[in-house]
Each structure stands twice: as structure tokens, then as C-alpha cells.
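Q: The primary structure of each chain is shown beneath.
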Amino acid sequence: EPEVTQTPSHQVTQMGQEVILRCVPISNHLYFYWYRQILGQKVEFLVSFYNNEISEKSEIFDDQFSVERPDGSNFTLKIRSTKLEDSAMYFCAGGRGAYQETQYFGPGTRLLVL
Amino acid sequence: GENVEQHPSTLSVQEGDSAVIKCTYSDSASNYFPWYKQELGKGPQLIIDIRSNVGEKKDQRIAVTLNKTAKHFSLHITETQPEDSAVYFCAADTTTGFQKLVFGTGTRLLVSP
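In order, the protein sequences belong to chains A and B.
According to our numbering, the stretch in the first sequence is residues 1 to 114, in order.
According to our numbering, the stretch in the second sequence is residues 115 to 227, in order.
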């Protein structure tokens with residue numbers, strides 16, 4: 001059964017550094033999402049992406065964040081200048097449709113900003 | 115926007131007992147309600163979902179009920195097993211733009227042998 005994969009599984013970075021989190025969605029999915037989960041808290045929506053464009057973004061997703069799908073398979077989340085409060089688990093998700101469709105989550109990348 | 119409340123935050127049961135987790139949502143236009151199981155260090159895994167045209171859905175030991183009038187939905191796990199121990203999240207879709215999920219705060223279920 002195909003799965004969403006994410007790399008790296010863990011990343012430690014210094015405050016102010018850039019990080020890129022990578023995801024390989026399931027091949028027949030068209031809609032892609034990033035969520036984050038601060039330790040012990042609920043999963044929060046960051047951004048949705050379709051047809052090489054951002055569809056919607058939350059207030060968390062400020063100018064320091066960007067997403068792209070550079071080669072039709074990888075889906076990346078970039079944080080340009082990390083802050084301490086960016087420390088969280090970041091999940092990539094994907095689905096085949098836009099409405100009432102299952103979203104399949106990857107295993108996550110644990111980001112620690114020091 | 116949509117807000118999802120989930121109770122209880124922790125639930126301890128004996129193996130073989132039933133477990134019930136309840137969620138309420140605020141946006142009456144929401145139509146899709148998935149439940150995810152998250153094991154330690156892993157991503158959320160869909161275990162069951164329900165759409166607004168259905169009041170109840172069952173898959174083996176797991177069932178979900180939806181009351182759209184009252185804006186609440188519940189997860190029922192029967193004959194619990196130790197491997198059911200995990201954090202369970204309910205979620206609801208939103209009606210703005212493409213589907214995004216709004217999650218509840220999670221329930222930590224512990225099933226003791």
C-alpha cells in the first residue's frame with residue numbers, strides 16, 4: 001500500500017537558519033497539505049496546495065514559510081529564518097479530491113530550533 | 115471559523131471494555147468528520163470517517179455516530195485491546211476554500227491488560 005514519506009525524520013537547527021522539510025506524496029494525489037503539531041497539542045493546519053499554487057494558508061503561515069512542488073513528486077516546506085516557536089512536528093498530507101476526501105498523513109519531521 | 119472540541123482528554127479502560135470519545139463542532143456547514151489514531155512518534159492514521167449524509171458507520175470494532183442537529187460526533191471502540199492504546203483525534207472539514215481539517219485536542223486512550 002503506498003504511503004506518504006517525509007525526510008528528514010528529525011532536524012535540529014539554530015535559530016535564524018533556513019530549513020527545508022521534504023515530502024513525497026502518494027502518486028495519484030492532487031491536493032497537498034502541511035500541518036504542524038507542537039508537542040502535546042493538537043494538529044494545526046498550515047497550508048494547502050493544488051495545481052502548483054497555494055490554495056489556502058493559516059495565520060501561522062507567514063512570510064517566513066514557503067511551499068513548492070519542484071519536480072512533480074517532492075513537496076517541500078521551507079522556513080527561511082527559524083524561530084524557537086517553530087519547534088514542532090511537521091506533517092505532510094495528501095488526498096485525491098478537494099472535498100470530503102480522506103487525507104493521508106506522512107510520519108512527520110520533528111524540528112527542534114535551538 | 116470551525117472549532118472542534120474533544121472529550122475526554124484521557125481515557126483509561128480495561129481490555130475488553132468499550133471506549134467512547136466525543137467531539138463537538140461549531141460550523142454547521144461542515145460535512146466530513148474523520149478520526150485519526152496517532153501512535154507515539156508517528157503521523158496520524160485514518161481509522162474511520164463519516165460524511166454528513168450518514169448517521170452511523172461501523173468497521174469491525176470501531177463505529178462513529180454523527181448528530182448534525184446537535185453538531186456532535188462520537189467514536190466507539192468495542193472489545194478494546196492493548197494495541198488500541200494511542201492518541202485519537204477527531205477532525206472536521208471546513209467550508210472555506212479547499213478542504214482543510216480542523217482537529218480536536220486529542221484523547222489519550224490507555225487500554226490495560
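Simulated from the structure, these hints should not be mistaken for lab results.
Some hints could be false.
[As the list claims (entries may be wrong)] For lysine-lysine, the following DSS-like pairs were computed, each having C-alpha atoms within a straight-line distance of at most 27 Å:
id: 1; chain 1: B; residue 1: Lys182; chain 2: A; residue 2: Lys83
id: 2; chain 1: B; residue 1: Lys156; chain 2: A; residue 2: Lys42
id: 3; chain 1: B; residue 1: Lys185; chain 2: A; residue 2: Lys83
id: 4; chain 1: A; residue 1: Lys42; chain 2: B; residue 2: Lys182
id: 5; chain 1: B; residue 1: Lys185; chain 2: B; residue 2: Lys136
id: 6; chain 1: A; residue 1: Lys83; chain 2: A; residue 2: Lys57
id: 7; chain 1: B; residue 1: Lys172; chain 2: A; residue 2: Lys42
id: 8; chain 1: B; residue 1: Lys185; chain 2: A; residue 2: Lys42
id: 9; chain 1: B; residue 1: Lys172; chain 2: B; residue 2: Lys151
id: 10; chain 1: A; residue 1: Lys57; chain 2: A; residue 2: Lys42
id: 11; chain 1: B; residue 1: Lys156; chain 2: A; residue 2: Lys57
id: 12; chain 1: B; residue 1: Lys151; chain 2: A; residue 2: Lys57
id: 13; chain 1: A; residue 1: Lys57; chain 2: B; residue 2: Lys185
id: 14; chain 1: A; residue 1: Lys78; chain 2: B; residue 2: Lys156
id: 15; chain 1: A; residue 1: Lys42; chain 2: B; residue 2: Lys171
Q: Now tell me if each hint is right for this structure.
A: Tested hints:
Of the pairs offered as hints, the one joining lysine 182(B) and lysine 83(A) is violated, with about 41 Å between alpha carbons and a cut-off of 27 Å exceeded. Only pairs whose Cα atoms come within 27 Å are accepted, and lysine 156(B) paired with lysine 42(A) is accepted, the gap being roughly 14 Å. For the proposed pair lysine 185(B) and lysine 83(A), the alpha carbon gap of about 37 Å is over 27 Å, so the pair is violated. About 23 Å separates the Cα atoms of lysine 42(A) and lysine 182(B), which keeps this hinted pair within 27 Å; it holds.
Of the supplied pair hints, the one linking lysine 185(B) and lysine 136(B) holds, its CA atoms being roughly 11 Å apart against a limit of 27 Å. For the given pair, lysine 83(A) sits about 19 Å from lysine 57(A) by alpha-carbon distance, which is consistent with the 27 Å threshold. Restraint check for lysine 172(B) and lysine 42(A): satisfied, since their Cα atoms lie roughly 25 Å apart, inside the 27 Å limit. Proposed proximity of lysine 185(B) and lysine 42(A) is supported: the alpha carbons are some 20 Å apart, at most 27 Å.
For the hint linking lysine 172(B) to lysine 151(B), the alpha-carbon distance of about 16 Å falls within 27 Å, and the restraint holds. Taking the CA atoms of lysine 57(A) and lysine 42(A), the gap is near 17 Å; set against the 27 Å cutoff, the hint holds. With a C-alpha separation of about 24 Å, the suggested pairing of lysine 156(B) with lysine 57(A) holds against the 27 Å cut-off. For a cut-off of 27 Å, the pair hint linking lysine 151(B) to lysine 57(A) stands: about 25 Å separates their Cα positions.
In summary, the hint linking lysine 57(A) to lysine 185(B) is supported, as the alpha carbons are separated by about 26 Å, within the 27 Å threshold. Restraint check for lysine 78(A) and lysine 156(B): satisfied, since their Cα atoms lie roughly 21 Å apart, inside the 27 Å limit. Taking the CA atoms of lysine 42(A) and lysine 171(B), the gap is about 25 Å. The hint holds against a cut of 27 Å.
The structure does not agree with the numbered hints 1, 3 stated previously, though it agrees with the rest.
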